[in-house]
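Protein chains in written order, with this note's numbering: chain G, 648 to 730; chain L, 648 to 730.
Hints should not be assumed to be uniformly reliable.
No distinction is drawn between identical chains; accordingly, a pair holds when it is met within one copy or between any pair of copies.
What the hints assert, rightly or not - Distance condition first, Cα-Cα at most 16 Å in a straight line; then the derived EDC-like pairs of lysine to aspartate or glutamate: (1) Lys667 <-> Asp698; (2) Lys703 <-> Glu670; (3) Lys667 <-> Glu679; (4) Lys688 <-> Asp698; (5) Lys710 <-> Glu725; (6) Lys658 <-> Glu702; (7) Lys710 <-> Glu670; (8) Lys667 <-> Asp683; (9) Lys688 <-> Asp663; (10) Lys703 <-> Glu682; (11) Lys688 <-> Glu665; (12) Lys658 <-> Glu725; (13) Lys658 <-> Asp726; (14) Lys658 <-> Glu670; (15) Lys667 <-> Glu702; (16) Lys703 <-> Glu679; (17) Lys688 <-> Glu725; (18) Lys710 <-> Asp683; (19) Lys658 <-> Glu718; (20) Lys658 <-> Glu706; (21) Lys688 <-> Glu718.
In case anyone wonders, no lab produced these hints; they're calculated from the structure. Small disclaimer: the values here were computed from a predicted structure and weren't measured.
There are 2 protein chains.
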Amino acid sequence: MINVNVHITLKEGVLDPEGKAIEGSLHNLGYEGIEDVRVGKLINLTFDNSDRIEEKVEEICRKLLANPVIENYTYTIEDGVAK
Amino acid sequence: MINVNVHITLKEGVLDPEGKAIEGSLHNLGYEGIEDVRVGKLINLTFDNSDRIEEKVEEICRKLLANPVIENYTYTIEDGVAK
């Protein structure tokens, strides 16, 4: 069992309305000193084998999970213990 | 400048329709061997000082960012270089 964690974040300069909403709520709740909030996605994929895993994950990120025009992605691949 | 990364994931057993949709799309695109897909959130908070930071982040997660009934959260606090 292979565990892949994909982190998808908006590129710098791309507006993040969800982050701005959270920032506004934090100010309304009385939290001070928060300069910026950015929201991204965390996608966990479980593979049953490690065959060409890096190539597959790279392709899946580019084709389906991220929009490379406005988003960056990084991923970690962990070889888990079989269940 | 303090960088806080909050990872929010659905608890085990909680249905994840977004993850199921991605899983379906991956099968349609011809990717085999994917057993499970779970989608979570990645929230990056930038603080201007480290005053009571852990206490604040814990409270913010519990009160605003996560729904503790169905979601788990973890966070990392990084002391960045001041800009």
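Quick rundown of the hints versus the structure:
no.: 1; hint: Lys667 <-> Asp698; verdict: neither (41 Å within a copy, 22 Å between copies)
no.: 2; hint: Lys703 <-> Glu670; verdict: between (36 Å within a copy, 14 Å between copies)
no.: 3; hint: Lys667 <-> Glu679; verdict: within (15 Å within a copy, 38 Å between copies)
no.: 4; hint: Lys688 <-> Asp698; verdict: neither (25 Å within a copy, 28 Å between copies)
no.: 5; hint: Lys710 <-> Glu725; verdict: neither (22 Å within a copy, 32 Å between copies)
no.: 6; hint: Lys658 <-> Glu702; verdict: neither (23 Å within a copy, 29 Å between copies)
no.: 7; hint: Lys710 <-> Glu670; verdict: between (31 Å within a copy, 14 Å between copies)
no.: 8; hint: Lys667 <-> Asp683; verdict: within (8 Å within a copy, 32 Å between copies)
no.: 9; hint: Lys688 <-> Asp663; verdict: both (13 Å within a copy, 14 Å between copies)
no.: 10; hint: Lys703 <-> Glu682; verdict: between (37 Å within a copy, 14 Å between copies)
no.: 11; hint: Lys688 <-> Glu665; verdict: both (12 Å within a copy, 12 Å between copies)
no.: 12; hint: Lys658 <-> Glu725; verdict: neither (25 Å within a copy, 20 Å between copies)
no.: 13; hint: Lys658 <-> Asp726; verdict: neither (29 Å within a copy, 22 Å between copies)
no.: 14; hint: Lys658 <-> Glu670; verdict: neither (18 Å within a copy, 25 Å between copies)
no.: 15; hint: Lys667 <-> Glu702; verdict: neither (35 Å within a copy, 22 Å between copies)
no.: 16; hint: Lys703 <-> Glu679; verdict: between (43 Å within a copy, 10 Å between copies)
no.: 17; hint: Lys688 <-> Glu725; verdict: neither (18 Å within a copy, 19 Å between copies)
no.: 18; hint: Lys710 <-> Asp683; verdict: neither (29 Å within a copy, 18 Å between copies)
no.: 19; hint: Lys658 <-> Glu718; verdict: within (5 Å within a copy, 26 Å between copies)
no.: 20; hint: Lys658 <-> Glu706; verdict: neither (19 Å within a copy, 28 Å between copies)
no.: 21; hint: Lys688 <-> Glu718; verdict: both (10 Å within a copy, 14 Å between copies)
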